[in-house]
Structure formats: C-alpha cells, structure tokens
Amino acid sequence: MPDPIISLDQVSRVYSMGRMEVPALVDVSLQVFPGEFVAIVGPSGSGKTTMMNILGCLDRPTHGQYLLAGTPVSELDDDGLARLRSLTIGFIFQSYNLLPRTTALDNVATPLLYQGVSRRERAERARAALERLGLGDRLDHEPTELSGGQQQRVAVARALVTEPALILADEPTGNLDSHSGAEVLALLHELNAAGRTIVLITHDQGVAEAAGRQVHLRDGRVVA
Amino acid sequence: MTFTELLRLALSRLRTHRLRAALTMLGVIIGVASVVALVGVGQGTTANITSRLAGLGTNLLTVSPTGRGGTTSTNLTLDDATAIGQLASVGAVAPEISTSQTIKAGTESESVTVVGTTNAYASVRAYDVWQGTFLTSVSVDQKLRVVVLGATTATNLGLGASDVGKQVTIGGLPFQVIGILQAKGGTGFQNPDDQVMVPVAVVQKYFVGGKSVRSIGVSVARADEMTTASAEITSLLTERHGLSSTDTADFNVFNQTQLLDAASSISGTLTLLLGGIASISLVVGGIGIMNIMLVSVRERTREIGIRKEIGARGRDILAQFLVEALTLSLLGGLIGILVGLVASAVIGQLAGWGFHFNPATVAAAVLFSLAVGVVFGVWPARQAARLDPISALRYE
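Residue numbers (my numbering), protein chains in the order written: chain A, 40 to 263; chain B, 73 to 468.
Only chain A is shown next, with the shape it has when bound in the complex (with noise of 0.2 Å):
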C-alpha cells in the first residue's frame, strides 16, 4: 500500500462565533490513496464547505492532524499554506474562479507565476494545458467570451497545468447545464483513469455516482 495523499486523523472544526462555539467538523478521519477518486457528498450545512477548505488548505483544523502529502498542515504557517497549495492542489470550483479581465491563456498561467516559473515556460505549458482540453482556439478569449462549460473547462486547465498530485473539485458541475456537466464529469474520469488523485466534493448522489468511492458526510461526522 503507497502512502496516503490526505490523511485526516481525528480531524474536528471548530467556529467560535461569539461566545457560541459551533462544531463544522466532527472527529473526522479519512486516506485517500494516489490514483483514488473520492466524492464527499452531503447535503447542504453537512460540512462539506468546511471540509473543502481543510482539504484544500484554505483553513487549518482546531484538532485532530492533517497530513497532506506527508506534510502536516497544521505546522504550516500562511505563506507555507500558500506554498503547498501551489505545489500539491488543482482547485476546480462551482463558480470557476477565473480571473476577470484576464485571457484564458494568462489564466491558466497565473499558477506558474506563483511558482516562479520563467514567462516563456508559463506561456507553453498554458498552451499546452488548454490545446489538451480543446480550448486551443480561445487562448485569448476573456472569461466573459466563454460559455460556462468553456469557462469550467479552463478552470480544469488552470487545475492542471502546474501537475499537482492532488485535484480537489467543489461542485464543478454545479453552475453548468447537463450536458456541459456530464463533459466535466467525463472530463474528471478521464483524469482518473490517466492516474490523478481526484477529490470531488458535492451534494449530488447523482454525480457522487461518477467517484469510485464515496465518502457521506452529514453534521459535520463521517456517516458512511
């Protein structure tokens, strides 16, 4: 058995709202292994949002270890939160993230910026990132002139171009119309199947039906 890319070990998350303090996450332990695709379905206030941040290293654990990567999450400061967001995680999210006023091509390359990887590089690797996805002809196009599963489908670009070992998907079909899902979808398993560690987070058992494995969440606890 390789070692697990996430590995959430007693994992709880606390909000202090006020005096209040209300429970995200409760006790929650989890592997995924490379090569795996997880969906983490539940309904809405189930915790999911908060999940996804965690895995994400958006947001750090009040208890509980994450490592990620075989690296533990919680020693991170904020600029080494940063870094390993970088370094690890291709975010794609419900609402795509892309930068306004930006072409596709900047886009997909601002993840390479971030890295310190030379102009020319970020220009072909984006390139080669969108040609892959079959947006060879919208390198220039800003988000506004794409549809949105064009523009979902850069996010995907934008997800992949800096090779990360871990996808981490937020209700990527969401915003989009059925057919447009079912690509992301066929998209995702596609990746999957050329070995990327997909985790997809949703509150759709039917697209939950795509993963190879699903993980309930409801009330901030593991279910099933």
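The set of hints was computed from the structure by calculation and includes no laboratory data.
Since we're looking at a predicted model, the values are computed, not measured.
Check the hints yourself; a few may be wrong.
[Said to hold, decoys possible] Have a look at the derived ranges for each label pair, beta carbon to beta carbon: (1) S68(A) to V355(B): 54 to 64 Å; (2) I352(B) to G119(A): 41 to 51 Å; (3) G119(A) to V446(B): 25 to 35 Å; (4) V355(B) to R257(A): 55 to 65 Å; (5) V367(B) to G119(A): 27 to 37 Å; (6) L115(A) to Y467(B): 19 to 29 Å; (7) L115(A) to R370(B): 26 to 36 Å; (8) N363(B) to N214(A): 45 to 55 Å; (9) Y467(B) to R99(A): 15 to 25 Å.
[Unchecked claim] In silico negatives: residues of chain A with every beta carbon more than 10 Å from chain B: (10) M56; (11) G74; (12) S83; (13) P100; (14) R122; (15) S125; (16) L137; (17) L138; (18) P139; (19) R140; (20) G187; (21) T201; (22) S217.
Every residue gets a Cβ at the ideal spot worked out from N, C-alpha and C, and that includes glycine.
We have chain A; now place chain B onto it with these hints.
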C-alpha cells in the same frame, strides 16, 4: 515574483482602467508639476538677482547725499571723492553726476542718461570696453568732450564698431565717441547698458553746474574690508563736512551688495515656501492614490481570493498592489516633471531670465513621487495581502 512580472501586471491593470488611472495620476501630475515649476521660477529669480549682483561691480560702496537737495545741489564734491581715494582700504573711486539729455547720431536720436565720471568708473562699476577705450585720466583732466557709449545706447543709435571716432551731439553739443562698452545684460528700468559716460567736469560745465556730484562709487580693495572701509569713509566725510558726532549725517554710505544679498536670500526662502506649498498638492495627490487603491482592493477582493487559492502568498499580493501604486505615482511624477519643466521654461521666457534646468529638483521630484507611492500604497496593499482567502472567495 520578479519586479518585471509585477510591473507587467500593474501596467496591464492600468491599461484596462485607463480613465481611472489617468484621473488618479492627475493629482500627482499637478503636484509634481507645480513643485518643479515653482522651484524653477524661484531659482530663476535667484539666478537673476545673482547675475545683477555680479554686474554691479566688486566690493562696491555707494556714497550718496541724504536730506533734501536735488541732483543739482548736493553736498558731496569732487574733493570728497579725491579724499576718499586716499584711504588705505579703498581701491578705486568714481564720482558720478548724471543728467538726462538727448543724444543724436546722424538721424537717430534718443533720450539717455549722461553720467559724468572719471576713468575709474569702469573698474568700480565693472564695465568692460568692447571697442575703443574708456575715459582716460587725460580726457577727464582736460575736460575733453568725449563720450563712451553703453551697449544698448550704441545699438539704439545704430552705431557699431566702425563708428568709434565719429561725432555725436549730446544736448546739442558735439562729442567724439571714443569707446563702446560690452553689454552687462541687465533688464528693468535702470538698464546699465542704456547710458553714456563723459568726463565729470564736462557735465558740471555744460549741463548741471556747480561743484557737487550726485554720488561717489567706491571699490573697496578687499572684500573683508567692506565694513572697515565704510566706517573710514563715514568718519572722513563727517570730519570734512564739519559735522559733530551728534549731528545727523548729510550723506549715506550704502552697501548695495548687502541689499542684493538680502534680496537673494529672501528669494531663496520664497522658493522654499513655494515648493512647500506645491508639496501639499503632491500629498493630496498621494491621498488620491491611496483612495483609489483602497477602492480597488475592495473591488478585487474575489480576484485576491482566487490568486491566493492558486498559490499567491501574502507578500505576492502586497507586492502586486504596492507596485501598482508605485507605477501610478511614478508615471504621474514623470509626466508632472515634463509639464513642470515646460511651464518653468515658458515662465522663464516671459520673465526674461531664461530656463534654469535643475537636475536636483527633478531627482527630488522623482524620489518624492516614489515616496508618495510607497507611503500611500502600503496601507491598501497590506489590506489586500491580509485578506483571508476563504472569505475573499465568497465575497461577491
């Protein structure tokens, strides 16, 4: 991220928001332009005064009568001048008596100040001869009707180098031109180049009458003896005029250099003051930049969140916003310098003292506008860098 990358980001941002960038820069442009222009004007004034100072003559003291008494009846005499010339601290003495007369050369004529003086006048008043000679001691002693023309007067009368030796008439009397002076290049209503010089006794004999002179120009031998010489002249004339120490002196020893020194230092202070006032508008321009950057951080909260999500560290965001503010202020500063230099050139041209380019002012303006960018850019940039990526991503 390298500085080039940051600059590229900043420039592309400014390109997409041209109008806003231009309006934001306008504050800095106006600030820097007014600093450069006003300091330029101040330095032009100072340079103008300094050049007049040099043109006056070195170590010049002027002795003039006080109290009533017009130009015709004063109590300074040629003998007073001769006595002053005997003092050890005094280098040269030139008594002066002037009158206004019409000078004619051929068909040209004009009204001109005729200065009756001696051969020492040229060295006391720092004139150089361009053609011919200045008054000689012989021509002064012999009361010859000879005249030396100031540069402007010669030009006005249409006389050139070849006209030395020709005759002109002053107040109807024929005079021989023996020299033409080099221009001193002064302006204003007492143009030192628009006068003619004749032997002092000639003026007394034909135009004014009497034995008195209007003033006595004294060139002190050494600059550090100005005060000594002034005191010596005072006590000498007090004695010669038969005054007791309690009497009010009927003459005045005047150090013109001191006056112009004072004027020069006043104009220097004025330059500082003008520059200071203009700097206030630069600060206001800086606040404009801060304002826009704060709005921009608010507007771009989501963008900042996205950038952080895909790997930007706090310092990357800080640098991005700081360089943006710097680009605005520096670009504004450079445009402002151009505008300011053009303005001070135009003003200098109109005022007649020419264009004074001062690299130090320009360098200071560049540094100042950079400082404005840093000072007023840091706070918004820190706000941007500190944004929490989760809430920034959720911000709509």
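Consistency of the hints with the structure:
1. S68(A) to V355(B): 54 to 64 Å: holds (58 Å)
2. I352(B) to G119(A): 41 to 51 Å: holds (45 Å)
3. G119(A) to V446(B): 25 to 35 Å: holds (27 Å)
4. V355(B) to R257(A): 55 to 65 Å: The hinted range 55 to 65 Å holds for V355(B) and R257(A), with Cβ atoms some 59 Å apart.
5. V367(B) to G119(A): 27 to 37 Å: Check passed, 31 Å falls within 27 to 37 Å.
6. L115(A) to Y467(B): 19 to 29 Å: holds (24 Å)
7. L115(A) to R370(B): 26 to 36 Å: With a Cβ separation near 28 Å, L115(A) and R370(B) satisfy 26 to 36 Å, so the hint holds.
8. N363(B) to N214(A): 45 to 55 Å: Between N363(B) and N214(A), where Cβ atoms are some 35 Å apart, the hint is violated.
9. Y467(B) to R99(A): 15 to 25 Å: Holds: the Cβ-Cβ distance is about 21 Å, inside 15 to 25 Å.
10. M56: Correct as stated: the minimum Cβ-Cβ distance to chain B is 14 Å, above 10 Å.
11. G74: At roughly 24 Å from the nearest Cβ of chain B, G74(A) sits farther out than 10 Å, so the non-interface label holds.
12. S83: Per Cβ check, S83(A) is outside 10 Å of chain B; nearest 14 Å; holds.
13. P100: Given that every Cβ of chain B is farther than 10 Å from that of P100(A), nearest at about 14 Å, it holds.
14. R122: Per Cβ check, R122(A) is inside 10 Å of chain B; nearest 7 Å; violated.
15. S125: Contrary to the label, S125(A) does not stay out of reach of chain B, its closest Cβ about 3 Å off (not over 10 Å).
16. L137: violated (7 Å)
17. L138: violated (6 Å)
18. P139: violated (7 Å)
19. R140: Label violated. Min Cβ-Cβ 5 Å, cutoff 10 Å.
20. G187: Per Cβ check, G187(A) is outside 10 Å of chain B; nearest 17 Å; holds.
21. T201: Answer for T201(A): violated, closest chain B Cβ roughly 8 Å.
22. S217: holds (25 Å)
Checked against the numbered hints given earlier, this structure breaks hints 8, 14, 15, 16, 17, 18, 19 and 21; the rest are met.
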